[in-house]
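J.: Sequence:
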Amino acid sequence: MKELMRLDKYLADMGVGTRSEVKVLIKKRRVQVGNEVVNDPNRKIAIGVDSVRVDGREVSYVHYEYYMLNKPAGVLSATEDKHAKTVIDLIETSKRKDLFPVGRLDKDTEGLLLITNDGGLSHSLLSPKKHVDKEYYAKVEGVVTNEDVEAFEKGLQVDEDFKAMPAKLTILSQGEFSEITLIIQEGKFHQVKRMFEAVGKKVVYLKRLSMGSLQLDESLQPGEYREVTQEELALLK
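Residue numbering for the sequence shown follows this note's numbering, beginning at 804 and increasing consecutively.
Worth double-checking, as some hints may not be accurate.
Computed list of lysine-lysine pairs in DSS-like fashion (alpha-carbon distance at most 27 Å, straight line) [unchecked claim]:
no. : residue 1 : residue 2
1   : Lys996    : Lys898
2   : Lys910    : Lys898
3   : Lys971    : Lys957
4   : Lys957    : Lys996
I should point out that these hints are in silico values taken from the structure, not numbers from a laboratory.
All chains, full assembly: derive it from the sequences and hints.
T.: So this is what it looks like as structure tokens:
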């Protein structure tokens, strides 16, 4: 069965403009469906069947988009902000205008961030009931010890209100500044930083490496992104 959609919604969803801006384009006869110039915003489009062009440029419809971003420090994990650049501002090739980040990384945290408009997938990755692993690499001021590893593994009492689920802490190097990886299944506000503060140490650099089966493509420099592959998407779902 064909999926039908109003022409103005079709074009607005694909970021051609707002509903009102799109209606002006249509009224000015700048939009074609097939070989026909149309001026009715209510015209029904058969998605995947009808060819739609604006000023001669084809506008194909996509329901969902999935991007892997290597989030740089200094950028907000938000859809919009009046004062700071957001992760959505970095996705310059998207067709959809309803993208959002799956979960949040602190402003100064780098690494893997999934950008999509698929609310169902986002829920399955973020729901505490799903127990999805999230792996981080961190540099920590202070000597991270085996006692810390055991405390994290048991489920750390972070503060009066929050006891973390058991987490896997791996020490990569020890010293004045230690290097570690940490796998957690929650995503509480500043969680990794708060966990180390609870054992008397300070995170000075934090980067997310993976979320579920999705691993950061190390060829992506901070601020770069690419589409998630079909294989990666199948594993995520």
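J.: Now look at each hint and say whether the structure bears it out.
T.: Comparing the hints with the structure gives:
Straight-line distance between C-alpha atoms of Lys996 and Lys898 comes to about 35 Å, which puts the hinted pair past the 27 Å bound. Taking the CA atoms of Lys910 and Lys898, the gap is about 26 Å. The hint holds against a cut of 27 Å. Taking the CA atoms of Lys971 and Lys957, the gap is about 9 Å. The hint holds against a cut of 27 Å. Between Lys957 and Lys996 the CA atoms are separated by roughly 18 Å; this keeps the pair inside 27 Å, and the hint holds.
When held up to the earlier numbered hints, the structure conflicts with hint 1 and nothing else.
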